Amino acid sequence: MIFYIIRRLLAAIPTLLAVLTLVFLIVRVVPGDPAIAILGDRATPDGIAALHAKLGLDKPIWQQYVDFLGQSLSGDFGRSMVTGRPILTDVGAVLPHTIDLTLASLVVGIAMGIPVGIWAALHRNRFIDYAARMLSLIGLSFPVFVSGIFILLLFALHWRLFPVIGNARLDDPLDRLNKLVLPAATLGLVMAAYITRVTRSAMLSVLGEDYIRTARAKGVPWRRVVWRHGLRNAAMPVVTVVGLYIGILIGNSVLTEIVFNRPGLGKIIVGALNQRDYTMLQGLMVIYCFLIVVVNLITDLTYGLIDPRVKQ
Amino acid sequence: MLIRAALAVAAIAVAAPAVAQPKTALNVGIAAQDIGQLDPHFAVSTIDRVLAAWMFNGLVRFPPGSIDPARLEPDLAERWEASPDGKTWTFHLRHGVQFHGGFGELTADDVVFSLKKAGEAKTSAFSSELRPFQTIEAIDPYTVLVVLKENVPSVLGILTNYAQGFIVSKKAVEQRGDDFKRNPIGTRPFAFASVTPNQSLELMANQAYFRGAPKINKISYRFMPSDASRDLAFQSGELDLNYGRADQAWVNRTKALPHTIVDIFEPAEEGQLHLNTTVKPLDDVRVRQAIAYAINRPELVRWRGADVSREAQSVVPRGYLGFTADNGLTGNDVEKAKTLLKQAGYAEGLTIKMIQSQLPEMLTAAQVFQAQLKRAGVNLDLQVVEHATYHQQIRQDLSPIVYYSAARFPVADIYLTQFFHSRSIVKTPTAVTNFSHCDVADKEIDGARVETDKVKQLALWAEAQKKIVAHVCAVPLFETLLVFARHDNLDYGYKLDGSLSLGPLITEATHFK
Numbered sequence: 262m263i264f265y266i267i268r269r270l271l272a273a274i275p276t277l278l279a280v281l282t283l284v285f286l287i288v289r290v291v292p293g294d295p296a297i298a299i300l301g302d303r304a305t306p307d308g309i310a311a312l313h314a315k316l317g318l319d320k321p322i323w324q325q326y327v328d329f330l331g332q333s334l335s336g337d338f339g340r341s342m343v344t345g346r347p348i349l350t351d352v353g354a355v356l357p358h359t360i361d362l363t364l365a366s367l368v369v370g371i372a373m374g375i376p377v378g379i380w381a382a383l384h385r386n387r388f389i390d391y392a393a394r395m396l397s398l399i400g401l402s403f404p405v406f407v408s409g410i411f412i413l414l415l416f417a418l419h420w421r422l423f424p425v426i427g428n429a430r431l432d433d434p435l436d437r438l439n440k441l442v443l444p445a446a447t448l449g450l451v452m453a454a455y456i457t458r459v460t461r462s463a464m465l466s467v468l469g470e471d472y473i474r475t476a477r478a479k480g481v482p483w484r485r486v487v488w489r490h491g492l493r494n495a496a497m498p499v500v501t502v503v504g505l506y507i508g509i510l511i512g513n514s515v516l517t518e519i520v521f522n523r524p525g526l527g528k529i530i531v532g533a534l535n536q537r538d539y540t541m542l543q544g545l546m547v548i549y550c551f552l553i554v555v556v557n558l559i560t561d562l563t564y565g566l567i568d569p570r571v572k573q
Numbered sequence: 002m003l004i005r006a007a008l009a010v011a012a013i014a015v016a017a018p019a020v021a022q023p024k025t026a027l028n029v030g031i032a033a034q035d036i037g038q039l040d041p042h043f044a045v046s047t048i049d050r051v052l053a054a055w056m057f058n059g060l061v062r063f064p065p066g067s068i069d070p071a072r073l074e075p076d077l078a079e080r081w082e083a084s085p086d087g088k089t090w091t092f093h094l095r096h097g098v099q100f101h102g103g104f105g106e107l108t109a110d111d112v113v114f115s116l117k118k119a120g121e122a123k124t125s126a127f128s129s130e131l132r133p134f135q136t137i138e139a140i141d142p143y144t145v146l147v148v149l150k151e152n153v154p155s156v157l158g159i160l161t162n163y164a165q166g167f168i169v170s171k172k173a174v175e176q177r178g179d180d181f182k183r184n185p186i187g188t189r190p191f192a193f194a195s196v197t198p199n200q201s202l203e204l205m206a207n208q209a210y211f212r213g214a215p216k217i218n219k220i221s222y223r224f225m226p227s228d229a230s231r232d233l234a235f236q237s238g239e240l241d242l243n244y245g246r247a248d249q250a251w252v253n254r255t256k257a258l259p260h261t262i263v264d265i266f267e268p269a270e271e272g273q274l275h276l277n278t279t280v281k282p283l284d285d286v287r288v289r290q291a292i293a294y295a296i297n298r299p300e301l302v303r304w305r306g307a308d309v310s311r312e313a314q315s316v317v318p319r320g321y322l323g324f325t326a327d328n329g330l331t332g333n334d335v336e337k338a339k340t341l342l343k344q345a346g347y348a349e350g351l352t353i354k355m356i357q358s359q360l361p362e363m364l365t366a367a368q369v370f371q372a373q374l375k376r377a378g379v380n381l382d383l384q385v386v387e388h389a390t391y392h393q394q395i396r397q398d399l400s401p402i403v404y405y406s407a408a409r410f411p412v413a414d415i416y417l418t419q420f421f422h423s424r425s426i427v428k429t430p431t432a433v434t435n436f437s438h439c440d441v442a443d444k445e446i447d448g449a450r451v452e453t454d455k456v457k458q459l460a461l462w463a464e465a466q467k468k469i470v471a472h473v474c475a476v477p478l479f480e481t482l483l484v485f486a487r488h489d490n491l492d493y494g495y496k497l498d499g500s501l502s503l504g505p506l507i508t509e510a511t512h513f514k
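Residue numbers (the numbering used here), protein chains in the order written: chain S, 262 to 573; chain Z, 2 to 514.
Only chain S is shown next, with the shape it has when bound in the complex (with noise of 0.2 Å):
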């Protein structure tokens, strides 16, 4: 097992070389200049050239890159180009906040959206199932803005049980809990919404197998048939699933983090980029790639755990 890890982990250098050049170029390409954007609408063709001197723009592009790469992988990603700051203490800052909010919503979905799934799943075409449709739809069709914005009006602003401003004091885990409520709720809410659908399928899939008809033919009760037999075979498409969308989670709760005011690695990242913070979005992305890898790990590890024959 232990090989098995260091052989995925080195098999992601190269994936991560791939992303630190994509990235590079990428930011590169995209029109916008920091140095305007740091210096304004006043600023003069002297103040441009004396900014990209000091950033070290005013060099050729194949020297930026060596210099790039050089500081990533002694693993000194920079400062911020705007701000001057260290860029993983402003990592390190937000970086808890995310991880709450990933694993918090990743529990809400999980705990509301497989239950669901199993029992639409098993009384199929009947009123729960149409239920559980109907609110999963609903559930993937209001965007976040929108959802939590509604949440904040109710919870927030009516009956005053939470705060608006989600900026948690990492130290105090009361605080922390408390203002993880509704963005976890409303994030967890459209991740329910996602593994009831496939959890739905995957079972009725699983369902209709032969194993299944001979279980429940030998007298097998048809609770442990559907815990033992069908909910075990219809984990793989449920925890692949759950997988990518971790990896879409970390990027994609950034309209969260704006509407109910929390920080995290998505605000940073729009706000680089609205900047042209180069030098941000590069240890940004290299790290949410380095994320990415390791959730995937992770869940292939867990394919390992649910289907023994994975690991042969």
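Worth flagging that the hints you see were computed from the coordinates, not collected in a lab.
Treat the hints with care, as some may be off.
[What the hints assert, rightly or not] In silico contact screen, one side only, chain S against chain Z (beta carbon under 7 Å); selected entries:
hint, residue
1, G293
2, D294
3, T305
4, P306
5, D307
6, A311
7, G345
8, D351
9, G353
10, I410
11, A417
12, I426
13, V520
14, K528
15, I529
[Unchecked claim] Okay, the calculated beta carbon distance ranges per label pair:
hint, chain 1, residue 1, chain 2, residue 2, range
16, Z, D141, S, K320, 41 to 47 Å
17, Z, P23, S, L422, 23 to 29 Å
18, S, N439, Z, R376, 54 to 60 Å
19, Z, G320, S, L505, 54 to 60 Å
20, S, K320, Z, G329, 46 to 52 Å
21, S, T350, Z, P75, 38 to 44 Å
22, S, L422, Z, K375, 49 to 55 Å
23, S, L431, Z, R376, 55 to 61 Å
24, Z, A209, S, P275, 57 to 63 Å
25, Z, V385, S, L431, 36 to 42 Å
This one's a predicted model, so the numbers in the text were calculated from it and none came from an experiment.
All C-beta atoms in this analysis are idealised placements derived from N, C-alpha and C, irrespective of residue type, glycine included.
We have chain S; now place chain Z onto it with these hints.
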């Protein structure tokens, strides 16, 4: 009797702690992802400028709540005198002004250092403003001598608590180097305390402030890019002061909230359509005149909102020293526009490209101009790009028509120089924001800058405006005022009519009632 008195004392003693103390922590919501530059000489965005003015003083200042250059008053300099020819200025500094963080007393060395830093392109975004300064010297620890190369319309205006005029601690900049922009040191009532990326920036009271200790102890400057959730946080009481929207519906809705005051104040940003006079078909003055006739300013103000906007009357915003409405600006006349286009050989109409930012407030405005021009047969081909791309491409001279909105120091010279002097034409070594390639009023603009006779100076600025309007280098559209909302228990301590830092100034007198 004794028992009754004792009970009364006890009752007071018990009740006393229950008396609510006024708030001393101010929570401000601002539409931004994060802070940009904390070095005041690089503070160019609204979010940075609002904050810089809370931390730094200038040699002179606008009285809080005013942007009237005629009312400038002492700030770090307690008095000053000028030579008869107006080229030599002596500033006498206040004694005992302390920098934040134990960086000591302000001296002439700090002032000289700050102004030299602000005048250097490597260390300031406003270096061009200090170009007329020949020497800046410290005569003694409390006296600074400034010698000009040539007269300027307002020396005090350059040295006010705005942009290049902010005074920083020499010792702090030298000691902290590049880190100064993350940990700045000024002299105002509020000192930088900390910043949490993507969340907020905290300021703490400077108890040693020379005008007295501030009544607000702490300011939390929260970065909240979502308008909707910032408004909700304001309604829920989590914010005391909220960055508003120059939008009539927003103003009406917010004014209707209980215990809420909406402040609408100067300076207004004037939006103009800059027409590149050197490219076809805009090189034909009749086409530019047709565009000017097609624009309907009253309609634009109705669309934008009467509380937050007003018609632009010249190529210089209203209220600026040197502004004149008597400049020959034409009104809306679609038929005349069509006739002019026909005379120019475009009887069937024409299409002109315009690169436009995707920022909603800019894009929707552009769509309104597009609809107005369409009535006259001008098809505005909007090429929508992301905001940073827009700024780069308009400076590369890629857009024949540029919609640009700006406020500047309220003296006509700066607006006229940056937008209409040939020195400022984009893609030249001295470029600023002359997108129209206008060069018809260089003589008047240069002449007015060094003219010491105030009447003649005003006449030259008026002549410059007439020439630019006649040549249709740009079409003035509307002026948009600044909007903030606050709860009525927050008292600025002054009447807010204007603020050059683009946000309400929080002073030592600001308090909660």
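Cross-check of the supplied hints:
no. : hint                             : verdict
1   : G293                             : 3 Å, holds
2   : D294                             : 5 Å, holds
3   : T305                             : 5 Å, holds
4   : P306                             : 6 Å, holds
5   : D307                             : 4 Å, holds
6   : A311                             : 4 Å, holds
7   : G345                             : 5 Å, holds
8   : D351                             : 4 Å, holds
9   : G353                             : 9 Å, violated
10  : I410                             : 5 Å, holds
11  : A417                             : 6 Å, holds
12  : I426                             : 5 Å, holds
13  : V520                             : 5 Å, holds
14  : K528                             : 5 Å, holds
15  : I529                             : 6 Å, holds
16  : D141(Z) with K320(S): 41 to 47 Å : 45 Å, holds
17  : P23(Z) with L422(S): 23 to 29 Å  : 27 Å, holds
18  : N439(S) with R376(Z): 54 to 60 Å : 55 Å, holds
19  : G320(Z) with L505(S): 54 to 60 Å : 58 Å, holds
20  : K320(S) with G329(Z): 46 to 52 Å : 51 Å, holds
21  : T350(S) with P75(Z): 38 to 44 Å  : 41 Å, holds
22  : L422(S) with K375(Z): 49 to 55 Å : 50 Å, holds
23  : L431(S) with R376(Z): 55 to 61 Å : 57 Å, holds
24  : A209(Z) with P275(S): 57 to 63 Å : 58 Å, holds
25  : V385(Z) with L431(S): 36 to 42 Å : 40 Å, holds
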